[in-house]
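Q: Each chain is listed here by its residues.
Number of protein chains: 4
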Amino acid sequence: MSVLSDVLDLVFRRTMRVTVPAQATAAAMPRLIEDLLSSKGEITGVMTARHILDRYNVMTDAEKLQFFTHLAEDLDLDHADLETALHALKAKPDRKSYDRFLAAAEPRRQELARRLNRMPGATRLLVDMRADLLRLVPPDDPIARIDSDFRHLFASWFNRGFLVLRRISWESPAHILEKIIRYEAVHAITSWEDLRRRVEPEDRRCFAFFHPAMPDEPLIFVEVALTKGIASSVQSLLSDDRTPLAAHEADTAIFYSISNCQVGLAGISFGNSLIKQVVNDLTAELPGLSTFSTLSPMPLFSRWLLEQGFDASDWTKPQLLAAAAYYLTSARRNDGHHYDPVARFHLGNGALVHAVHAQADTSQRGKKDSLGVMTNYLYDLARLEQNHESFANQKQVAASPPVQTLTQSFQSVEVLQNA
Amino acid sequence: MSVLSDVLDLVFRRTMRVTVPAQATAAAMPRLIEDLLSSKGEITGVMTARHILDRYNVMTDAEKLQFFTHLAEDLDLDHADLETALHALKAKPDRKSYDRFLAAAEPRRQELARRLNRMPGATRLLVDMRADLLRLVPPDDPIARIDSDFRHLFASWFNRGFLVLRRISWESPAHILEKIIRYEAVHAITSWEDLRRRVEPEDRRCFAFFHPAMPDEPLIFVEVALTKGIASSVQSLLSDDRTPLAAHEADTAIFYSISNCQVGLAGISFGNSLIKQVVNDLTAELPGLSTFSTLSPMPLFSRWLLEQGFDASDWTKPQLLAAAAYYLTSARRNDGHHYDPVARFHLGNGALVHAVHAQADTSQRGKKDSLGVMTNYLYDLARLEQNHESFANQKQVAASPPVQTLTQSFQSVEVLQNA
Amino acid sequence: MSVLSDVLDLVFRRTMRVTVPAQATAAAMPRLIEDLLSSKGEITGVMTARHILDRYNVMTDAEKLQFFTHLAEDLDLDHADLETALHALKAKPDRKSYDRFLAAAEPRRQELARRLNRMPGATRLLVDMRADLLRLVPPDDPIARIDSDFRHLFASWFNRGFLVLRRISWESPAHILEKIIRYEAVHAITSWEDLRRRVEPEDRRCFAFFHPAMPDEPLIFVEVALTKGIASSVQSLLSDDRTPLAAHEADTAIFYSISNCQVGLAGISFGNSLIKQVVNDLTAELPGLSTFSTLSPMPLFSRWLLEQGFDASDWTKPQLLAAAAYYLTSARRNDGHHYDPVARFHLGNGALVHAVHAQADTSQRGKKDSLGVMTNYLYDLARLEQNHESFANQKQVAASPPVQTLTQSFQSVEVLQNA
Amino acid sequence: MSVLSDVLDLVFRRTMRVTVPAQATAAAMPRLIEDLLSSKGEITGVMTARHILDRYNVMTDAEKLQFFTHLAEDLDLDHADLETALHALKAKPDRKSYDRFLAAAEPRRQELARRLNRMPGATRLLVDMRADLLRLVPPDDPIARIDSDFRHLFASWFNRGFLVLRRISWESPAHILEKIIRYEAVHAITSWEDLRRRVEPEDRRCFAFFHPAMPDEPLIFVEVALTKGIASSVQSLLSDDRTPLAAHEADTAIFYSISNCQVGLAGISFGNSLIKQVVNDLTAELPGLSTFSTLSPMPLFSRWLLEQGFDASDWTKPQLLAAAAYYLTSARRNDGHHYDPVARFHLGNGALVHAVHAQADTSQRGKKDSLGVMTNYLYDLARLEQNHESFANQKQVAASPPVQTLTQSFQSVEVLQNA
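Chains as they are written, first to last, in my numbering: chain A, 1 to 419; chain B, 420 to 838; chain C, 839 to 1257; chain D, 1258 to 1676.
The set of hints was computed from the structure by calculation and includes no laboratory data.
Do not take every clue at face value.
[To be verified] To give an idea of the chain A side of the interface with chain B (calculated C-beta under 10 angstroms), a few residues:
id, residue
1, 46
2, 102
3, 105
4, 110
5, 118
6, 141
7, 147
8, 157
9, 160
10, 161
11, 272
12, 273
The structure presented is a predicted model; accordingly, all values stated were derived computationally and were not measured.
All C-beta atoms, glycine included, are put in the ideal place defined by N, C-alpha and C.
Given only the sequences and the hints, what does the whole structure look like? Please build it.
A: Take a look at the structure:
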């Protein structure tokens, strides 16, 4: 391969629109990677990075797997080297031996990712690369360990301090709104008119986190309804014939949908920060807001009922709600963690289970997953820390008195049933 | 210490402007740090981070030293734990043991820095914290090893892919221009009028890199003069009575000043990328540009002459230039690296020594450091890679034929003198 | 009516959200208008203006008519005063008598409009007010003379020098794109996907003029297709399964739709300036463009055929095209002006009739209005001025040789038919 | 002159940087003007406009005078035509005769200005043209009547509804700040540091009006100090060693300097609107503000004392203040208007004379013009309208009780003195 300087390359690309030939992709890859990691990378860095990413982009899944295998095996930690470095550090823990150890303790693939990222626009491609990895490699495959390197880097790059909160409104660019439609994971947005109902009225808000290096890609977004009192049905929130409330008359903010947008950022948590920031900004704008709550799905309720051997088909509404309350406060996985992922998220944030509602999500999905039941998690600012600590350390679930009562009524029934 | 939720805190700060009491700063610090690193940090993170950074900010140097010592000793690697993790990894290199090892191989102070950085505006404070470290702790002090952690993090955070190039002009905000005046390290800017002469005429350009999380702080900037032919004197470039050239008539871009702005980012290299990007952008805007050169100081020339036992006081101009050519092509430190830091930078980028000029910097500093001599380093795009490789691997310095001739004439003289 | 200062008013509005009662609207109007035009208007101006415009906004059509009548009759020129002023001016044409005459020669309703316009956001409301006037008052009604005052003011306010050209793309705000969909007057945009096909591909462009005081309202927009060669069918331009052309490969820009957006700006011509500006900007961006053409409807072709007594139902395609060529080059209204409004616009701009195409607009409207025929008007930059002068002064229509030949073939037939 | 289309021209200018030859400027001007006003102007408008303005720009003062004479005499009203049109209108006041009259009642030079203004950037040049006119032509010269046409147009173009308020801060672009330094007309800004003291601290504000077509040119600006209580000395406001007040602790906003920036906009009043808008915005941002006052110069106080035959050289401070109070409340010009221009402005806005201070402006200019005395005009929102009406209709000056007492004490003395 003839390698010009990347300066020259950039100039040529602009004026001549040369594109890199994609043939012989997988074969030449190790050589390109070595170039980028070597001294040459100082000068030809951005161009070599582009070659690698251009080629990666046209690979088949099989070739990608080969690429990941190369990262896992040929750019791995050197155990012997590590052992030497660790012994030297223990013997004499000065700066030199510390630096030597740090260098040995980081696999070269991390430096590769950092050098690839020097190319403008590369951050997005690296996030997509990790999405490929998660899709192609099972978590227990030895190769999957390179995912730990991605996570490590992304946790640094996507640090909360680097994220930007932007309001999404009817005045936002269409190519962003289009992605909101596409990425909505809780209550599907069926059309541009449906989207408009969620972002244009003055009692509806939507906020998203963005990273400056991926300005066209929302990372996570939340949809908020400003209401009087805590809403108990999502269909009423999303109906198309309601009269909007004047924003300053609202006393409650309902977070009714939170969606992660990037598969390649799985496990890099933004939701916690997003909710805090939005609570903070809304409070500053609308001093009349005093209650912050969610209207949330219970995505595994039906599955749990099934696993427990319950048949809810002829339950009354009170029975259903009692079971839901019990599920939210008491259902556990085998590893001791809460059964419900949405509950884990909000209870982990310090929220409490405030209420349960039947017939609250009458969509097909809502009926299937949770028999139409939805939950309000309440963010009581004065109790967040205490709730969080109890949940994190003793796995205690905070709940309002009515939910506690419901839970107990279900336990009585359950005892009876099982007796 | 009574810790409220940071949500509450943020709200209160806005409305009541509570400020954190700074008393008892050093004492409470380990406790606050532990809070931030523990489960509590999930909920109270941003507020705890602010407490820590607010307190750090009012510390005396002695207290800061105590703080750094805490980071170095109490948040260090656990060697025993590391050894166990490494053994497990060697025995069974699966994902679990890999993750276990990665966790053990990173000192907790790195996670601390990441959590501190979640606070809006913290990045700037952490960069300043490293500047304190470099000022207070000698590089061979064992505590100085925590600088390696800062460098490691900053190399990720300030990756080229995250930097933004902005043109600095007379239409830039005053608070940015003020920093350009303050940070200029090569040819001091003496007044706003002097600044204006460097950024307003159409044949003068200035570009800087910024990081999105520090939008008011340039990281590095370069000043460029567009000329016909390669300039040989900086005073003529900066004179206040010249007639500007129409930009499209220029054939040459002279990089006559490059200044790093942030002490706390020492060793995180941006200059290479900045020059490449500016060459690229200027070429796209002004197709008539064909030559990219510097007009650079030789900051250690006088010192080198002194060390070599030369007395240049009665040298003729040709003798002086011959010595300068020799210095640029041949002077080495004991460790084998080039003697001159500016030469190291440009030769390392693949430039060549194009010419030397006497009486080229008649400022007091110019006369003292280099007897008024300046250098043109030429960026010949077609030869960058080859020059870089020869310099990096064989320490060969590329030079134009006239500079080679000058060098040889000095060597003859030198042999004679020493004979 | 108790009138507070508008300062107070603005403050109150923000904090208390007082709204103006709309009752008794028409009755109090003359009094409010007098306040605004009097000395009081100096202090209470913006508030009084808002009162007037708020009240106008809730009027019935009958009340609006009453309002217009008031403007026409009570804020009219004073003929006696004018005569005196004119005599004084003729007697002694100094500055004082000139000022006196200028004041007398402007009806007070013009000053009223200027004072109303001091309120932020009023420009849009005044444009809508004129739309009401055009809707409610026939042009030959004496009251319609106040439309001349609106036109006079709007021609100043919407001067080309104040307009801003913005590109409309898929990254434009949704509330602007929504208006593009609504205002498209030539080839209806049927959905957001249809819109996207017109603004997102790199060989499709859309540009609009905006006024800084109405930033959310396009005034006029043009849709452009970049092609190789001159397109002959609009359905092929708008099809949803085509492969976009790389923009730099295009040699031709086809202006296939121009729509005025504001009824209230009727007669204030922007189209001429818009086309010039877009030609200019496209040429600067894409030097490969050498041909600028339209693909235009012939909205009155069917009507003209009917009026002439032609029955085209069994015409061959050559016969149809010959008739179209004749219509474009030769059809005149009774007042001597060209029969076709689109032809008047483009020929008045100096374009020439380049070609006619059958089956070029197969939409229902296209078939009904023009039997599916469309025209290319060519903007040949070297001939614009000469074409314009000939058309403006001698009503000569410039046409390409093929169109001239077609025209003659139709004339022969016509003579034959009529013989 | 060979005239290409302006489209072509614009394209050429960009790519070839053709500039218009300036020779034979004055001679060809009437021909160019006629081209622009004729049918040709439809096509070649922007280019012809640029020719005219480029040529005007290089004219000598004598040539400019010739140009103005041409506008005054050759593009004037046609009195005979006007008389005919007026008779027709009186005879039959329909729309046609009304339009005919409006056309006749506007001199062609107004349409000329509107067509010149179609060129991007022309607005600024036309404002400068009027500045030339005011400089070169005495107000009683017959040619000066064309200034009435400029005023008429500018009053429309610079309507309050089109102006944009921008805060001027230390983050504003340097080329704007430079103009603030240059245009400050009340208390000279002596350096960039002096400027910084007025715009950077949180208790100092500066606001300016801009027009969208002249985005780099402030039209008028006001400097504001946020204080506790009403300030009595400008030197204390501008001192360089004071400690800033937290903005939210201020109860008073002092407007201590208002400067018009554009000579060519003389007589187009913005100050009234600027103060209202700033009061409004500050109140919204800082609810703690309850008092809005000025600290104003009395520029003609010394002159008035001289004219009255007073010798203040051995007056005590109480005597000086009594005279100042009398001057502010009672001094009149021969035409009955208030003697002091600053008083006319603020009293006309509805403010009242709140206090007078000795030693309040110790600059050379302050001592010379007003013996160091300054005034607070108070903007009491609840009384603005009443004050304005009394001043406008009955020339009554509103003053605080202390100022009234001072005035009476001076009158007693005066009577005594004159007795």
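Q: Taking each numbered hint in turn, which are not upheld by the structure, reported in ascending numerical order?
A: none
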